[in-house]
Amino acid sequence: MDLGSDNLKTPLHGWHTSHGATMAPFRGWEMPLWYPSGAVAEHLAVIEGCGMFDTSHMSVISLIGPGSFDLLQSCFTRDLDSWRQRNGGPPRSGRAAFGAFLNDLGHVIDDAVVFFLALDTYLVVVNAGKGEEVCSHLAACKGSHVFELDDLTGKIGKIDLQGPNSARILAKVLHEPERALLPMSYFSFKGHFDEDSPLADVFLKNGAAVLVSRTGYTGEFGFELFVRSAMLGDTWELILAAGKEFGLIPCGLAARDSLRAGAVLPLSGQDIGSWPFINHPWPHALPFNEDGTGFTKDFLGDVVLGKRNSAEHTQAFAGYDPRKVSVHDPAVVLGPDGTDLGIVLTCVADMAIGRVGNRIYSVVSPDKPDGFKAKGLSCGFVRVRHRLPLGQVVELKDKRRKIRVEIVEDIRPDRTALRPMSLMIERRGVGSDERDS
Amino acid sequence: MKEIHELHFPETVRYAHDHEWARQENDIVVVGISDYAQDQLGDITFVELPQEGDFFEKGEEFGTLESVKAVSEVFMPVAGEIVAINGELGESPRLVNEDPYGAGWLIKVRPTNATDLENLMSANEYEDMLRGLE
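For the protein sequence lines, the chains are A and B, in the order given. For the first sequence, the residue numbers in the working numbering are 1 to 437. For the second sequence, the residue numbers in the working numbering are 1001 to 1134.
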């Protein structure tokens, strides 16, 4: 297959191809779709055990300077004042937030996770191929803010270690693992990838300084690990070897896509994009006040609040079997009488779930019926002109077929992303009696 | 993805341009997809097959294979009547990946034209065609 010669390659590209990965172009990068174990096994590994992803194609931007906080407050969709201490003290570092950068119409330039490293020091992680555009956008928003931007893409290697066994694996390869991991709550992080940084206080056993973040894009418990590019290959091998006893396998973009869709997480450019960032399943990415009537700050794109009565609605759906429609056709949403309600944004199959009666169970649901076998369900997002009630059944239609799906609030049950760290270090296997906290 | 030399193309079946294979068993032709096709598609997650008794022309679409990547049509390598479908694939669609020439067969056909099978490619001819696709 000719993937073209102009696609970028991560430092692990040779590892992927020599281990039999099926490669494909993705937003300017040549990345693994799946390895010989197959995308279904990779998807299940992250839910039942652990999987690791090379995500070095993501763009990493350093934002430093006295105007950084005010810049983010003026153009990021999260109110970072919420990081301030209750006693009014300065914001606490080591926190991360998911949000988006919008243009003045309230359309999405890209979604992002902002990491608060230290006073006036932030890391902004955006999607593959988006670093330049987001840097330009931030520079255009400069105003009187004083800051420096540095696109670190290509200099930083990133590994996502995801799944209920990921803390136990990481503990094997970290120096002082308990000090590093035990107090770490969801969307917090420690350390730095540059060993010369005063923030670098977490190290791997191969000597690499690492930024360990309790974040990810699968809906499952796990970490994103940032290291210098030069240490990526060695770190990948170190973790893979440590994870062998826990069933760790490398995973590709196909599993990443099906895991995130089942976890109701958006893909930028597909589920969020050049339309108003409102009326979607991610209200936590906007700075709503307590009663949801307004925003707690002014920011570029906050006009979306005024559009919420007229803008379209993005909603999640789950099908009744794994059959999909192709969103590239494009696929449309049809009501009971055949009326055109909108379009399909994402349609993939989550192979870890299935229906019994009116309920969706996962392979790890503690209360799954005896003999339950997950046959997989199509799932994803639709964008419709009027909000559809939960439970409504609609048809998705592409050039080939129609499939029936249900509008839902959530898709894959019993996800592990929010489980307390203490449970995930001490116990083996998937917890059988805890729900997301 | 495997290199072509890593794939298996038994000489006991004949091959179509669309990557189906066909094998004579008495007066019936068994049909499936090649090792190359299953490797390209990735994990098969759902198989849609016709009804027994349906008739199809050679080259006509008789079903679809749903993989994690896409939905792919499968086409009749020979014309004829469907006399059996592989019911195991409902529970275990991955058999198509694991054993494409054996337990992963798709349909059995009573052919209407004996020469259809002869006109398909030998293993060597099919492998040459695949090398031309590289």
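Hints were generated in silico from the structure; no laboratory data involved. Be aware that a few hints might be false.
[Unchecked claim] Far from chain B, by Cβ distances over 10 Å, these chain A residues were calculated:
1) K9
2) S258
3) H284
4) D321
5) K373
[To be verified] So, partial list: chain A residues that the calculated Cβ filter (under 10 Å) puts toward chain B:
6) G49
7) L105
8) M421
Where is the CB? At the ideal position from N, CA and C, for every residue including glycine.
Practice problem: Sort out which numbered hints this structure fails and list those numbers smallest first. | Solution: 2, 4, 5, 6, 7 and 8
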